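Number of protein chains: 4
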Amino acid sequence: MNFCSDNVTEICPEIIAALIAANERAMMPYGADKYTQTLESKFSSIFEVPVTVFPVATGSAANALALSVIAPGYGAIYCHAQSHINVDECGAPEFYTGGAKLVTLNGTDAQIHPSELSKALEKAGAGVVHHVQPAAVSITQATEAGTVYLPEEIGEIAKITHGHNLYLHVDGARFANAVVSLDCAPADITWRAGVDVLCLGATKNGAMAAEAVIFFNQDLAKTFAYRRKRSGHLFSKMRYLSTQLEAYITDDLWLKNATHANQMATKLAQGLVELPFVRLCHPVEANEIFVEIPKSVVNSLRGDGFHFYVWQEETLPIIRLVTAFNTREEHVDALLKSVKHHSLVDLME
Amino acid sequence: MNFCSDNVTEICPEIIAALIAANERAMMPYGADKYTQTLESKFSSIFEVPVTVFPVATGSAANALALSVIAPGYGAIYCHAQSHINVDECGAPEFYTGGAKLVTLNGTDAQIHPSELSKALEKAGAGVVHHVQPAAVSITQATEAGTVYLPEEIGEIAKITHGHNLYLHVDGARFANAVVSLDCAPADITWRAGVDVLCLGATKNGAMAAEAVIFFNQDLAKTFAYRRKRSGHLFSKMRYLSTQLEAYITDDLWLKNATHANQMATKLAQGLVELPFVRLCHPVEANEIFVEIPKSVVNSLRGDGFHFYVWQEETLPIIRLVTAFNTREEHVDALLKSVKHHSLVDLME
Amino acid sequence: MNFCSDNVTEICPEIIAALIAANERAMMPYGADKYTQTLESKFSSIFEVPVTVFPVATGSAANALALSVIAPGYGAIYCHAQSHINVDECGAPEFYTGGAKLVTLNGTDAQIHPSELSKALEKAGAGVVHHVQPAAVSITQATEAGTVYLPEEIGEIAKITHGHNLYLHVDGARFANAVVSLDCAPADITWRAGVDVLCLGATKNGAMAAEAVIFFNQDLAKTFAYRRKRSGHLFSKMRYLSTQLEAYITDDLWLKNATHANQMATKLAQGLVELPFVRLCHPVEANEIFVEIPKSVVNSLRGDGFHFYVWQEETLPIIRLVTAFNTREEHVDALLKSVKHHSLVDLME
Amino acid sequence: MNFCSDNVTEICPEIIAALIAANERAMMPYGADKYTQTLESKFSSIFEVPVTVFPVATGSAANALALSVIAPGYGAIYCHAQSHINVDECGAPEFYTGGAKLVTLNGTDAQIHPSELSKALEKAGAGVVHHVQPAAVSITQATEAGTVYLPEEIGEIAKITHGHNLYLHVDGARFANAVVSLDCAPADITWRAGVDVLCLGATKNGAMAAEAVIFFNQDLAKTFAYRRKRSGHLFSKMRYLSTQLEAYITDDLWLKNATHANQMATKLAQGLVELPFVRLCHPVEANEIFVEIPKSVVNSLRGDGFHFYVWQEETLPIIRLVTAFNTREEHVDALLKSVKHHSLVDLME
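Protein chains in written order, with my numbering: chain A, 1 to 349; chain B, 1001 to 1349; chain C, 2001 to 2349; chain D, 3001 to 3349.
Derived from the structure by calculation, the hints contain no laboratory data. Quick caveat: nothing in here was measured; it's all calculated off a predicted structure. Incorrect hints may have been included.
Stated by the list, open to error - Computed cross-link-like contacts, BS3-like style, restricted to lysine-lysine with a CA-CA straight-line distance of at most 25 Å:
1. C:Lys2222 x A:Lys295
2. B:Lys1222 x C:Lys2123
3. B:Lys1123 x C:Lys2222
4. B:Lys1123 x D:Lys3295
5. D:Lys3123 x B:Lys1295
With the rest of the complex left out, here is chain A (with noise of 0.2 Å):
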């Protein structure tokens, strides 16, 4: 019973089943295949817009490149300090930019405060050669806390953020738990809120390694092909990249994946939140929980054999619960007994 990460999973029956369909000839390679050349277009459709996809295969690269097309090495990337790219890419952004700066802002729940991000790039010192110079701002739909970004919140993030010339991006590793979480359609927390470009993940929701980089602002597009060469991104094979994201966005895939794991946290948080000793550290509105829990229930629960992380080790510990397209039900609820049972030994020590 694993509730480690959504990385721990295998691929989804749809998607193992698209690769298998992807091998059956031979194709030109680079993306001159059947899968790739139609990826556009079925992106285009899903984000009502026409966009310019390149598929990868980590997180991290996609992260990476894209912010190598919008800021220069002289320059400043603003981010939550809890961010992926600033906490969990040994420096991916900084190789990839030729050496910008990250700078981090704080803010509750994993999330940057559009009046702390307006603060932060008005004494940034743009325009004066001593400083790094303010290029992008990067936010996580959903965040690293599991929580997410309303609409007129990345609508108001984005419009500073052009006010100040820079441009929005968006690390989606979890986007699809983000869409699904606010019900709203893929293009309502990207483009028509003023994203130029965002990351989306597949892997983390069901695929085996695929996230696809989608410009908005298409313009921004035109150096990344040989950004992603160079960086020994290009897979030759490219079909079985391009399969994966193709089967990921059909038949509303993506977002049945996304609702189920979502369903799972939310179950598993409103059974947590009602036990003594237990609290949780952030609204949970994706697949992500932070808990509180006693360091005796921490054990306890590895003895009954659950997987998990633990975030933060203090007298009372936090742990991470991650919930995924394929989480059991019943492992949930085993999950909830057992945290239950051990809070109450615990509580009548």
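Place chains B, C and D on chain A using the hints.
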């Protein structure tokens, strides 16, 4: 009937089976899975020496990452002018090394000749601050001309390389084809000959997208994991990379696949060499054939449904024909028949 | 009457005399001149230990080059949030290191506090591939707040730094001011305390444009010459850099210059502290004063012909006053008189 | 008697006087001084067109910074194989561009021949993602062989360059020598011929350390200031760079200095060409002479107190003789006499 490249092929049955088998259940990400954990011992056994192995998805990534370990930004990498790293990776080695210079050597059949290398290194200005500093030598095995280096040739190159305190890298995108061609142990053309790091390809020989960076000089491997991560080449669902590589070297699959590819190339070459107006440009020692044919024949072959790349457009064009693990003998026969037919027509006109 | 910075100053007489003296005749370029050739022995004598020395022309170049030696692209450099390398070099450390991340610490008086450093390094994720890897610590002596680290404070920081296998860098743009302030041997706040590499500034303290990168850990110096060359910081007519540095450390010129600058700052601070409405923001330990004064006084001082930077614009602005080797005591008196006068006027209104 | 290089020279009297004059009083840093502020109008006047000018201290910095503006990391810079940027800058262009590839052309007298450039660009694979993308052409004026491009040759190269949507850069370390040699307007061999950016050297022709990066295509200049700062090439006491450049172009100093250097080279060449056993390797059109002489003569000249570099060590070695603004005619006479004497001795043996 596609002779364009070995990367137009689908995944071979054993490897697609391995992908499906690896899809069984949740597994810890980033290489903490059983497939990845056992790779090193399996490769160590194949190479008869302890090795450090890193799976990545593309050959350009493998090469660029490996070179970034052995050449600093102010370094020079000696390679053949026609080498893939020099011509076909859109500057990946330069990007990953932070600006190292590829110093190119000529040499027949896309091979570096030891004496040329020696000469180049002697006048390279090692220790002179104005010049980039010799850091690494890179050879391709099998070469971009479809030829192979003999073990003693590699040994000689390695001796010169190490004699100047450089490291020796092998781009082994078609390494299996070379092993089969030479009928030698993999060790004979790697560490026993003095190779420090090998990028062993699987993609062109039956895999979906998988290459192994193999360090014989294990000290060099220390920083690789960080470099791979920050370039976005660490897969979360790593098992799907590792299982490809595992299947690739299990039961000699890699050698079987390469044997077939080489046999088809040999057959094709033997047929071509007997024809009038046709000239082989290089010895056919692996699975690539470069052949000079009349321009009219090029067009006629295309009309007959054959796909291939024109390598050089001249009065007598050079076309490249590549065979693969799944090239059908009847296609080879058909191609030979077609060339013969059109050459004769050409002759009579 | 210019208190903006110590870089508004002209060249001090001894150094301009040295420049003229070095202009006598043809000399071999790139450091093969008598001035450069003898620098190391002279600096070794000043620092009481063999050192490797590289002259460069700017402080940003010195810092960025030094940091490029001790931090890889996937590395993290720990520094104070207000440090020059973080705020005022337009991303030079990131550029030269190929993307290292500057991890910032807070701390009063622009100083890193050992316990904060310790805490940061313990949770840095050393060895975890997702995170940039702790590589170096950088402190500024004297600090950007005009304070100085005590030898034992540096010793403590060095111990933590080395305890985590990192290197310790000192940005010594105002190093002479610190030496004078502490009345210690240069060795006491460098290698004896555990410093690996010092960027010793001369420009702000009487030179035209000259800084010395001084390696106490001489093993680190091996690649520096190539890094300097390929960044365009190797001067052909090197003698004109070296002669500045030679003159700078001859007959204690650097200390004499700094003594005067510090004395002027002390006098200014002592006068300011007695005034109403005026508050020193930091202890005045070198040649910089940060002082909170009424907004009206700021304007009046400008009207009186004083030049200075407003560091922070608020109801009670903070201005920075910097003294230098050639600050005239009568200007200090005039400034004090002016502040006093306007503060009293302000008081009476 | 030093004929090694024009960078072995001291500062010419007018420029050292300018340095002393600029040392008068406090001035605002980083270019906010009167010398820097007036540079652009003075250079615009010299070049008869509005230009944007950035002073830097070294030629490698000037070239690498200029190239970083016109070539991306995935770009290719076409230059002569013997060009300074390719041979003598330890990879500076690669570093500053983030990995661009220098594609080298051969051509007599260190000059790119338009037809060769054309041919190279046509087969460069523009738009093909596997190959680095043609971005810039760089020529050296006067060349590394001491020859000069005619205005019409530059015009032809520029036409090809712009025809492929590339930019044209000129390394003008010895630009003054070319202007004097051609007896043309500076405009004739720069913007009028199609040059986008010129690195105009002063160091080799009388300055201490000063070069001007001059943008004729002023749109290209927008990001330069940030690039200069983050590479550590923005001087705080900028006046000392700018005053050198101002003096350099005042009262035709640069042309007077170059005229003398060229005259001395011409005299030397005329004397040498009459001698037996001596062969000029290139036309002598500026201030550099490459001459083939017997090995015994090389040694004898050294014994006579002449300094020079041996460019190529063979049975008939090639030596390089460089004259400068301050080369004394009697030294030229002495050198000629010495060569004559030793050649005759050689002849008689």
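Structure-based check of each hint:
1. A threshold of 25 Å between alpha carbons decides the hint, and for lysine 2222 of chain C with lysine 295 of chain A the separation of about 50 Å lies outside it, so the pair is violated.
2. Restraint check for lysine 1222 of chain B and lysine 2123 of chain C: the C-alpha separation of about 21 Å stays at or below 25 Å, so the hint holds.
3. Between the alpha carbons of lysine 1123 of chain B and lysine 2222 of chain C the distance comes to roughly 21 Å, so the proposed pair stays at or under 25 Å and holds.
4. A hinted pair counts as satisfied when its Cα atoms are at most 25 Å apart, and lysine 1123 of chain B with lysine 3295 of chain D qualifies at roughly 19 Å.
5. Between lysine 3123 of chain D and lysine 1295 of chain B the CA atoms are separated by roughly 19 Å; this keeps the pair inside 25 Å, and the hint holds.
Going through the hint list in order, the structure does not satisfy hint 1, though it satisfies all others.
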